[in-house]
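Keeping their order, the protein sequence lines are chains A and B. All residue numbers for the first sequence refer to the numbering used here, where the first residue is 1 and numbers rise by one. All residue numbers for the second sequence refer to the numbering used here, where the first residue is 1 and numbers rise by one.
Accuracy of the hints is not assured; some may be wrong.
In this list, chains with the same sequence are indistinguishable; a pair is considered to hold if it fits within one copy or across any two.
Stated by the list, open to error - In silico PhoX-like pairs for lysine-lysine, Cα to Cα no more than 25 Å straight-line:
#1 Lys64 / Lys49
#2 Lys64 / Lys258
#3 Lys334 / Lys191
#4 Lys174 / Lys391
#5 Lys258 / Lys174
#6 Lys90 / Lys258
#7 Lys64 / Lys391
#8 Lys174 / Lys240
#9 Lys64 / Lys174
#10 Lys240 / Lys119
#11 Lys64 / Lys119
#12 Lys119 / Lys14
#13 Lys191 / Lys119
#14 Lys90 / Lys240
#15 Lys174 / Lys191
Don't read these hints as lab results, they were simulated from the structure.
2 protein chains.
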Amino acid sequence: MRNIDLAYLQNLDKQDSNAHLRDLFDLPAGQVYLDGNSLGALPTATAEKMQQVIKQQWGQDLIKSWNSHDWISKPTQLGDRIGQLIGADKGQTLVADTTSVNIFKLAAAAVAMRPERSKLVTETGNFATDLYLLQGLERMLGDRVQVVAVPRDQVLEAIDDDTALLLLTHSHYKSGALWDMQAVTQRAHDKGALVLWDLCHSVGAMPLELDACGVDFAVGCTYKYLNAGPGSPAFLYVAKQHLADLQQPLSGWMGHAKPFAFSDQYQPHAGISQALCGTPAVLANAALEASLEVFEQADLVSLRCKAQRLGELFIALLGEHCPEFALASPADSKARGNQVSIYHEAGYAIMQNLIERNIIGDFRAPDILRFGFAPLYVRYEDVWHTVMTLKDIMHTGSWQQARFQTVHKVT
Amino acid sequence: MRNIDLAYLQNLDKQDSNAHLRDLFDLPAGQVYLDGNSLGALPTATAEKMQQVIKQQWGQDLIKSWNSHDWISKPTQLGDRIGQLIGADKGQTLVADTTSVNIFKLAAAAVAMRPERSKLVTETGNFATDLYLLQGLERMLGDRVQVVAVPRDQVLEAIDDDTALLLLTHSHYKSGALWDMQAVTQRAHDKGALVLWDLCHSVGAMPLELDACGVDFAVGCTYKYLNAGPGSPAFLYVAKQHLADLQQPLSGWMGHAKPFAFSDQYQPHAGISQALCGTPAVLANAALEASLEVFEQADLVSLRCKAQRLGELFIALLGEHCPEFALASPADSKARGNQVSIYHEAGYAIMQNLIERNIIGDFRAPDILRFGFAPLYVRYEDVWHTVMTLKDIMHTGSWQQARFQTVHKVT
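Work the whole structure out from these sequences, hints included.
Structure (structure tokens):
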């Protein structure tokens, strides 16, 4: 095998059929950004699009824009476009609220659809909000349901005839470890349970096949691999066959069959719009629309291959140059998302030092350094610079002088 | 009394101590905009602020902005600034989610705080989402609670010893009719019930005194009189004395005492941040920040006086020139918000015709025309042009040729 060096990686960049997509982003000069799994980069088209929506649609056309610029249809229009990225036929995906709020809607709906069952199964160490929303539901419903959170290797056996819902994050936020969506969904269905997939770290990162896997429900954010901006609206998916029986408790006016009739009695919309609650976030939806344009030019299969290759090269180079680190992600790239996580007990200081040197990853307590390989804009040569900088940090011990500052990062 | 004519109104504009505030907005040329009670106008500073946040904070500083631009504190910072407009001491007001979602959080919390009580009292004809969210809670909790919606004149007597919560909209979305916040809150407290005020049509429109009135909970939107843009984030208020006992079910990770510890067990933040759920809407919060700057230069007492005067002049001129219309709002300006609503059986077509002539109000089925007098940018002379145009529409019968187009408007 040829030695991996900078020239080799630069050559891969030259041959990369996705390399031109990087030009669709405004990236900080001289920086290696490996945190797109936390906050995606800014698409170049977004700023102009936002100016247009703010100045013309809001400023000049004002209230008329609900019709003339079709603000009212964006939740379903954008939902269908995300649907194309996750293998969902039209009419099942909706842009609304946050991932957290959408988890509550769908977990509550699952409880209502399984009135004889009491368990909500998930894994310990799942992304915190997934656990917390199930706990919120449990507190609210008294003895009606119990959250059963077990270690990852015990999840499948925890699903039983009393399980109403299984909630898992498809690509784990810390390790990137992937669940087998089809097999796990089937296993839950064999027990009569419903499945809710959290796709935050998967959507836009790899091809997904929700319809083909028979998934019941899904949620996800749009500010990571979809690049819709900090705190951008989330999405949810409800399989067609559940739309007629869905009973989500956040029954706001925009989910009504006729929102503008202002009738006193709630009557859910027959389609996916029933999962809407309040007034849609128009400006944020515009940023999402701009960021989804990028995917019109992209091919998720090819992007996923690139991300896997980036991760493999990172791991190989780390093994060669930085033996101090242990892998916290699955070694097999098919078993992990587009991130690679590594352990080091001094991880926090090392990451601070790396960030000071303009290579941006992030840290998760107590000892994990995360590196996201967003294939739309990360280059092969970025892998080289990252590993060489890590090598220098470890060899010189410069991390011991790294500034200790409070780090808040949004997964 | 002097005759009200254009010269008189133009003179009022000349003397208006708030007239300069109109210059802080980008308004469409040649248009009279009387729908600020539905969607507020664009503050001039907003577009530039948004560009800065998008291009620099998101685009260049990326994930670091959670700290360096303090994205993480915006929900409480902006909440406290709204608190100044509603008579709330610091630490009780939070920017998050939508009005609808926040109603659910607080209504559910009220139910948990009154475990022996089963009634959720509100008025029929309240804004639809207020009714629908209580109904969602009712469906979800089975027999635990019942929504009791009664006509406006029966609300006070419907509050009894079994009432957990009273939910009312302070300024009615259709008529603008105001509830006496202090007296109604006191009445509910006398019966041991909690009160949740919907301030959507009041915040930024008039001085409010939540603390002084002993209010328990409140919610409101920021896209009407606060001018934060279409679908901008909402706010909620929880009185200090309830923060320790609040149990809101949308217990997302941002409401945790230590969100970045990612622990498996939810532990609410001790303060108002416990009412956060998912990741805050950073871009939308930036627009809200810009729009709140306008209020730093404004005086709500004086603005409210101007709005009342605008409404009074509108009603007087209508009476003189357009006797076809009946008043759908309280005649006494102290008893209504900053809008005036009028009845006409052909209201829909009349409003369409008015909009074609570049005077923007809105319509609420079956027969109400609404006119919002947002005092930050509506001029006295606008009242003249509106009434004279209505007069012409009625005299010539031009409304009978008005285009019938579907009108979606967000309250």
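Checklist entry - So which of the earlier hints does this model not fit? => result The structure conflicts with hints 3, 8, 11, 12, 15, although it agrees with all the remaining ones.
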